[in-house]
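As you go down the protein sequences, you meet chains A, B, C and D in turn.
Going by our numbering, the first residue of the first sequence is number 78, and it counts up by one from there.
Going by our numbering, the first residue of the second sequence is number 78, and it counts up by one from there.
Going by our numbering, the first residue of the third sequence is number 8, and it counts up by one from there.
Going by our numbering, the first residue of the fourth sequence is number 8, and it counts up by one from there.
By construction, these hints were calculated from the structure, which means they are not laboratory data.
Heads up, some of the hints might be wrong.
Under the rule of at most 30 Å between Cα atoms (straight-line distance), these lysine-lysine pairs were calculated in the BS3-like manner [claimed, not checked]:
no.: 1; chain 1: D; residue 1: Lys176; chain 2: D; residue 2: Lys116
no.: 2; chain 1: D; residue 1: Lys414; chain 2: C; residue 2: Lys11
no.: 3; chain 1: C; residue 1: Lys414; chain 2: D; residue 2: Lys176
no.: 4; chain 1: D; residue 1: Lys414; chain 2: C; residue 2: Lys81
Sample of chain C residues with no beta-carbon within 10 Å of chain D, all distances over it, derived [unchecked claim]:
no.: 5; residue: Ala37
no.: 6; residue: Glu186
no.: 7; residue: Ala289
no.: 8; residue: Asp329
no.: 9; residue: Asp379
no.: 10; residue: Glu404
Quick caveat: nothing in here was measured; it's all calculated off a predicted structure.
Idealized CB from N, CA, C, for every residue including glycine.
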Amino acid sequence: MWMKKRYVVDLDGDQHNAVVARRGEATEIAVDESPARPANHRPVLGGRALSLRYGRRLHLIHLSEGGAGGAVDVTVGGRPVTTMVMDELRAQALESLGTAAGSGTICADIPGLVVELKVEPGQKVHQGEPVIVVEAMKMQNELCAAVSGTVIEIPVASGASVNPGDPLVVIEPEPGG
Amino acid sequence: MWMKKRYVVDLDGDQHNAVVARRGEATEIAVDESPARPANHRPVLGGRALSLRYGRRLHLIHLSEGGAGGAVDVTVGGRPVTTMVMDELRAQALESLGTAAGSGTICADIPGLVVELKVEPGQKVHQGEPVIVVEAMKMQNELCAAVSGTVIEIPVASGASVNPGDPLVVIEPEPGG
Amino acid sequence: MAQKFSKVLVANRGEIAVRIIQGLREMGIASVAVHSDVDRTALHVLMADEAVAIGPAPAAESYLVGERVIEAAKTTGAEAIHPGYGFLSENGPFSRAVEEAGLVFIGPKAETMEVMGDKLSARRRMRAAGVPVVPGTDEAVRDPEVATEIADGIGYPVLLKASAGGGGKGMRIVREAGEMAGALRRTMGEAGASFGDDSIFVEKYVENPKHIEVQVLGDGKGEVIHVFERECSVQRRHQKVIEESPSPSLTPALRERICDAAVQTAKAVDYRGAGTVEFILAPDGEFYFLEMNTRLQVEHPVTEMVTGTDLVRAMVLVAQGDGLCYRQEDLVQRGWSLEFRLYAEDPGKGFTPSIGRIESMTVPLGPGVRLDTGIYEGFDVPIHYDPMLAKLVVWGEDRDQAIARGKRVLREFVLHGPVHNLPFHLWALDQPAFLDGSYTTHFVEEAFDPADWLPALTDEERQAIIAAVALYESERRSGDSTPESTDASVGNWRLNALRAMTGNR
Amino acid sequence: MAQKFSKVLVANRGEIAVRIIQGLREMGIASVAVHSDVDRTALHVLMADEAVAIGPAPAAESYLVGERVIEAAKTTGAEAIHPGYGFLSENGPFSRAVEEAGLVFIGPKAETMEVMGDKLSARRRMRAAGVPVVPGTDEAVRDPEVATEIADGIGYPVLLKASAGGGGKGMRIVREAGEMAGALRRTMGEAGASFGDDSIFVEKYVENPKHIEVQVLGDGKGEVIHVFERECSVQRRHQKVIEESPSPSLTPALRERICDAAVQTAKAVDYRGAGTVEFILAPDGEFYFLEMNTRLQVEHPVTEMVTGTDLVRAMVLVAQGDGLCYRQEDLVQRGWSLEFRLYAEDPGKGFTPSIGRIESMTVPLGPGVRLDTGIYEGFDVPIHYDPMLAKLVVWGEDRDQAIARGKRVLREFVLHGPVHNLPFHLWALDQPAFLDGSYTTHFVEEAFDPADWLPALTDEERQAIIAAVALYESERRSGDSTPESTDASVGNWRLNALRAMTGNR
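Build the full structure now, drawing on both the sequences and the hints.
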C-alpha cells in the first residue's frame, strides 16, 4: 500500500500541490492535477541535483536548502528559481489564518474512497492529528486537522466514495486555535 | 573537563595512537606521544578534506569512507594513503586475539592519576564496560574492559599516580570471551 | 646571472592569490599566504606552502597593513612579495618599504605608481609623451569662472574629475555653463572628503564611450612590449563585469595605433612588470588615455588565453632580473576570449552585494574553459572584502564560438548560497548590443531591466521544479532524526563525517 | 547551401559523449544521448537534450546494437549520428546502415573503415601510395618455411601480426629462425579464435620504438590537411596513458615528413572527417605506417589545445557538407599540451581495473587546464565499460611549463572511490626518461617498479594523516544516530537531503 504526503510548493509566487507517495524504496510524485509525471527521479552530481525524466527529456534540477525555513534554492538551465515548500498541514494552517470561516473543514481534493474515520463528532482534536484516511489510485492519504478544535460533523461514512470538494470532516476551531 | 577517546590508526601497516579530546565545541587531537599537535583543524572543500595546521604549514588531508569497515581513504599532495581506524577498545580486542595471555590486563599508557575505580575484584565485567578512569593533563580517560571476564586484581588505588606500563586492572577472560 | 626566487609571499586573498600561488608552484617557487582571521581556511591559505595570520577581518587591520606583510615575508624567508591587485598593489610607500626591507616588490617602481596614481600628473606626463589625452586642463581648477572658461573652450558636456579619484568616484558631468559653479563646489567637497585632496580638473565628456585597455610588460630598463588589447565596456556601477579580447571595436589599424600608444605610455615611465593602460574610445574612433593601472589586472586571463602567455610568470621573471620573456614579434592574438566576473550580488536589486555560505558548487568543464576562484563548497563568503567570487573565462576560435561556449559553461556552472550574477551574464549574451559588439559603457544601464530579465520557464520545467522541491522536502524531513528516519527507504543513508562537520557552525 | 543539422545523436557514453554534446551545444545543435539501463543517470544523459534507453548494461546488448541506435535517431528526429570512439565508430556495416536509413554518419566512408580495419589491406594501400611501411610481407603467410624465408630476408627480430588484430592483441615477436614454426602456429590459432580470421603477416620488429601519430582532416572529396602530431609512447598493456603534442622526438624536418606522410595516407583513401594516422618511429629516425584510426581519437584534446582547433566541430561541419573549416597554412602549433588518462585501475597491482562509487571528487582549476570527464560525485562506475574516468589535459607555453602545470593539477585533482592512476602520472612526470623525452613504448615496463613508486610521506604528513583519520572517525561516530549525536558539538549539523539520498542505495 502506498503512503502519501502532500506538499504545497510556492514557485515565483504561485502555489502548487505536489503529492509524494512512497512504498518501501519506491517513491512517486504527482504535481497539481497534471497527468504528466516524471517517469523517474534520482539524486545526481553528489546530491547537488535531482534528475527528473519526462519522456525523453531529462530535467536537471539543482537544489539546496535556502536561507529561510522552507526555502529551497533551485537552478534550472542556469536560471535561479525561488521556491518555498511546506507540507499540506502547515499550508492549511497558514491559509486558515487568512480565511477564518470554514477553516476547520477538511475536503476531498481527488476522487477516492473513505477507508477509515479516526474521530467522532464531539471529539476534541489537535492541529496535525490524523482524522480521516481516503484511498485513491491505490494510495492511502491520511488527512489531518488543520486546526485544533471540536469535530462537529462528519458528512461521510467509512466506505463512501467521495469527489473533489466534498466536505469530509468539519471542525470548529478553538478560540485562538 | 575534557573528555577524551583513543583511536588506533593503521597507516601503511604501522599502528599509531591518536587521542581526540572534546570539551563543548572544542576538539583537540594528539598523535602517539609526540609533542607536535595541530594548532587547529577544520573541515574544508565541502567536507572533502580536513585542514590541519602545524605552525605555518597547513596540511590538506582529503578523507572519505573506504570500502571495508574502519577503512578511511586518504589523499595528501596527490598521494593516496590507505588507513584503517578503530577505537582503542576494538583495537585491544583484536590484539587480545593474538596475545591470549595477559589480554585482560589494562595498563596505563601515559602518566596520570587514578580518579575512579568502577569495579571491584571478583566482579564480572563485559567487554567494553568502563572499569577505571585515569586523569592526565586535565583530561579524563575512561578505560574499558577489552574482554569479558572476572576482575582478579586491581593493583592501584583511587588517587594513585601511575606511569606508562603500570597494570591497572587485571581481568581473567571467560572461556571464549 | 639572475637570482632565482625560492619563496615568494602573496599579499592578497581570493582568486588572485590562488592564481599567483598556482603560477609560483609551476615555476618551482614556494609560496607564502597571508590571511586575516576570518580567512584562515580560505582557498589561498589551503593552497599555499605556508601561511601567516596578519590580523583581524577588516582589511585595514590585516591585508592593508604593510608592516605585517613585510614581517611575514621576513619571518618565512620569502625573497619577494607579489601584491596581486587591490590592497597594497598600487601603494608607493609600501613598495618602498618592501625594498628597504631587502625584499623584492613584484611590480613597478614606486615613482611609477605615484605618477600614475594622480590623474593630473599622469595627464601631464602622457601629454608630454605624445599620448592622446582627453581635451581639458592639466592643472587643478578651483575657480568656477576659470572652469567655465575652459569648458566653453572644450565644448559641453564636460567632466569634472578629482585628480586623486578612481573607481568611478569623484566625477561629475556638467552639461551647461550654468551648472558649473555648483558642480565644482560639490565635486571638490567630495574629493576632499573621500581622497583628502580636492584637486579637480576639467575634461571633455566623451558620450557613448567604449573602454579599451592594453596590457603592457616592461623590464624597467626601457624595454616595453604590449600584449594586445581588452575591451571592458560591460560595466555596472562603474565596475567591469564582462571583458573580452580582442576588442570587437578595433580595426587592425586602430589596434596598432592604440597598442603603440600604450607602449609609449609605459615607456614614458620606464615601466617595470605588468601594467594596463586604459583608454576611452569615442564613437568617432578617436581614443584618449584614461589612466594606467600599475599592477596585474583582474581581467588578465583573457589576454593569457588569446596570446598563450603567462603574465604572472612574466612579472616574476622581470622581478627576478630575467628581463622580458616575450618578444613583441612573437606575440599574436589567436581566437577570442571572454571573462565573466562572478559577483555575489543581486542583479535584480541594483546589483547589491550578497553574502553567505557556498552551499553547493558545480563547476563547468570541457574544452575552452578556465575558472579562477577563491571559493569552495562550505566556504563562508566574508562580508569584509570584494564580492567577486570567481572569474569564468572561455576561449573560442572566434567571437561567435566564445559566446556560444560562454552560454554553455554559464549554464553548467551552478552555485547556491549567496545571490550571484551568473544569470546576468546569460542575459548579457542574448543582447543585440552585446552580440554585435556595439555596446558602450552605458550598455547595462540602457538595456537591463531588473523587472524583466530572467528567461521564462517552460511548463514542463515548472512541473519538474515543483516535483523536485517536494521530493527534496520529503527527503529532508525523513533525513531528520525523527522516528520517520527508521523508514526502510531512508534508514541506510550514509553520512560523510566531514560534510556533517562542515554544516556544523 | 549546406544543410545544417538541428539535432544529432551521440552513439557513445562517458567523457567522449559529454565532450561531443558540449561541442554540439556550442554549435546550436540539439543532442540526443543513448544509454544502457545502468547508465540512466550517467553524465552524458544528464547533459543531453534528450535521452533514449537502448538496452541492458552489457555493451553488446546496448551501445553496440546498431539498429537500436538508428531507431533512436529516427524516433527523435536526429539527422546525424556521431559515434565517438570505440563501440560503433569503426564499424563499416553500421555506417552503411546509418546512411541507408537516411541519416548522416559523422565519420569516414564505410569503405575507408574497411580498408583500414584490415592491416594487410591497409599495408598494401599505403605501400602503393608511397607511404613508408615496416619492411615485411603484404600477403597472409601460412607456411612456416615461407615465413622463415621472409624473416631471413628482413633480418631478425620480426613480428608476426594478425591482419585483423588490434589493441596489442594477435602479435608475437620472433627473434630467431628456430622459433618461427611454433610462433606462427600459436599466432594463427589466437587470431582465428579472437578475430575469426587467421591471416598473419610478417614484419620487421622495430626495437625501442616511439609511437607518433598525426591528426588529419579530410573533406571526402580529395582535400586533406593535417593538424600536426601527437606522441603516445607512454603505454601500459599496449594502451596509451599519457599523450603529448608536439612530440619531443621530432625535428622540424622530421615533423614535416611525417605529417606529409599522414596526408598522403588519408588522400589515398579520400578521407572524410577526422582521422589519425599512427606511425612507429625507430631510434634511427625512420618512421613507418602502423595503422589509421578512422574516428575521433581519445587524445584529440592535446591537438586542440596546441592548435586552437575544435575537431568535433570540424567533423560535424564536414558531415554537414560545409567542407574543411581550416586551411593548412593557418594551422600552427603553439605551446605544449599533455593529456593524462585517468583510469580506474591500480598501478601497484599490474594496472588491474577497479570499480566503485565516486565518493569524492575535487577538480583542478586555474590556467591551462582542461578536464573532460563522464563521472561525478556519487556516480557508480559500472563494470561493463572501459575503465577510463576522465582525461586531464594541460597546456603550457613550452614542455617544461606543461610538465610543471601537470604536476600542479595532478595534485589538485583528488578522487576517492575506485583505485585510480593519478599517482602514476605524478610518478611519470618525475622520470628522467620522460623528462628528457627519450621514452619509448617500453618506458613503463622498464621504469615502473610496483613495489617502489609512491613518494614517501614526511613525518609531519604522517602525523597529520593520523590526526585527521582519528578526527574523521570521531566525527563519523558522533554523526551516527546514537545518543552521542545530541552532543553540543555535533548536534546542529545540517544534512543536505539529496546527499543523503545519494548515499541511500
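Now the hints, each set against the structure:
Taken as a hint, the Lys176/D and Lys116/D pair is honoured in the structure, with Cα atoms around 26 Å apart against an allowance of 30 Å. The suggested pairing of Lys414/D with Lys11/C holds, with an alpha-carbon distance near 20 Å, which does not exceed 30 Å. As the CA atoms of Lys414/C and Lys176/D are separated by approximately 44 Å, the hinted pair breaks the 30 Å bound. At roughly 28 Å between alpha-carbon atoms, Lys414/D and Lys81/C fall within 30 Å of each other, so this suggested pair holds.
The Cβ of Ala37/C sits about 13 Å from the closest Cβ of chain D, beyond the 10 Å cut-off, so the non-interface label holds. Residue placement check: Glu186/C keeps its beta carbon more than 10 Å from all beta carbons of chain D (closest about 48 Å). For Ala289/C, the non-interface assignment is confirmed: its Cβ lies about 33 Å from the closest Cβ of chain D, beyond the 10 Å cut-off. Taking the minimum C-beta to C-beta distance to chain D, about 14 Å, the non-interface status of Asp329/C holds against the 10 Å cut.
Annotated as non-interface, Asp379/C brings its C-beta within 10 Å of a C-beta of chain D; the closest such distance is 6 Å. With a cut of 10 Å on Cβ distances, Glu404/C falls inside the contact zone with chain D, its closest approach being about 6 Å.
When held up to the earlier numbered hints, the structure conflicts with 3, 9 and 10 and fits the remainder.
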